[in-house]
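The sequence shown maps to residues 59 to 245 in the numbering used here.
Any given hint could turn out to be false.
[To be verified] Simulated crosslink set (DSBU-like; lysine-lysine; CA at most 35 Å straight-line):
id: 1; residue 1: Lys103; residue 2: Lys182
id: 2; residue 1: Lys87; residue 2: Lys197
id: 3; residue 1: Lys179; residue 2: Lys151
id: 4; residue 1: Lys175; residue 2: Lys197
id: 5; residue 1: Lys175; residue 2: Lys103
id: 6; residue 1: Lys179; residue 2: Lys103
id: 7; residue 1: Lys87; residue 2: Lys179
id: 8; residue 1: Lys197; residue 2: Lys103
id: 9; residue 1: Lys87; residue 2: Lys176
Calculated from the structure, these hints are not laboratory results.
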Amino acid sequence: MNICVFLSAADLDDRYTRPAREFAELLGKGGHTLVWGGSDVGLMKVVADGVQEAGGRLLGVSVDFLAATARAGADEMVIARDLAERKALLLAKADAVVIMVGGTGTLDEATEILELKKHGKTEKPVVLLNTAGFYDGLKEQFRRMEAEGFLPCPLTDLVFFAEEPVGALAYLEAVTPAAPAAGIGTQ
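Using the sequences and the hints, build the whole thing.
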């Protein structure tokens with residue numbers, strides 16, 4: 059399965075890097091492909107290293123103004139013109155999405171995939187990996203949106219909240235159908 063991971067390119071401490079590396083190793087050992095922002099710095103590098111070392115494939119989608127930080131040695135690297143094209147390519151190449159810790163770019167990517175799901179434009183599973191309680195506030199906000207009628211469907215139809223890497227991958231493997239035949243994509 060091609061698993062898109064939205065996450066930070068910042069250098070972070072062990073409470074974030076350890077679970078990210080654990081998820082990456084599970085992904086690689088499972089024979090999956092990491093679809094990610096293509097960067098070879100910070101948490102993005104940690105995850106790419108873990109996937110590659112565990113035998114998984116790397117499919118990066120960088121952007122013109124960040125091409126200097128793109129990972130050399132990825133199995134495939136695409137350079138998008140801008141951030142909008144990058145997001146579209148990341149989602150098009152993925153069978154599922156995992157949202158890890160990150161800043162405003164990660165939140166932008168996360169809300170876009172959830173908005174697409176809300177409107178029925180994709181059925182790809184989305185997991186929010188709540189490492190070290192990082193997304194507790196966002197989780198609470200989503201629950202409030204649901205309770206007060208801001209979501210037209212149950213929150214559980216939009217996103218699965220995982221507290222640990224093993225739970226995130228187990229959920230994806232349980233709900234994601236086998237990849238389509240070559241040349242046939244799903245949105």
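Violated constraints from the hint list, given by number and in increasing order: none
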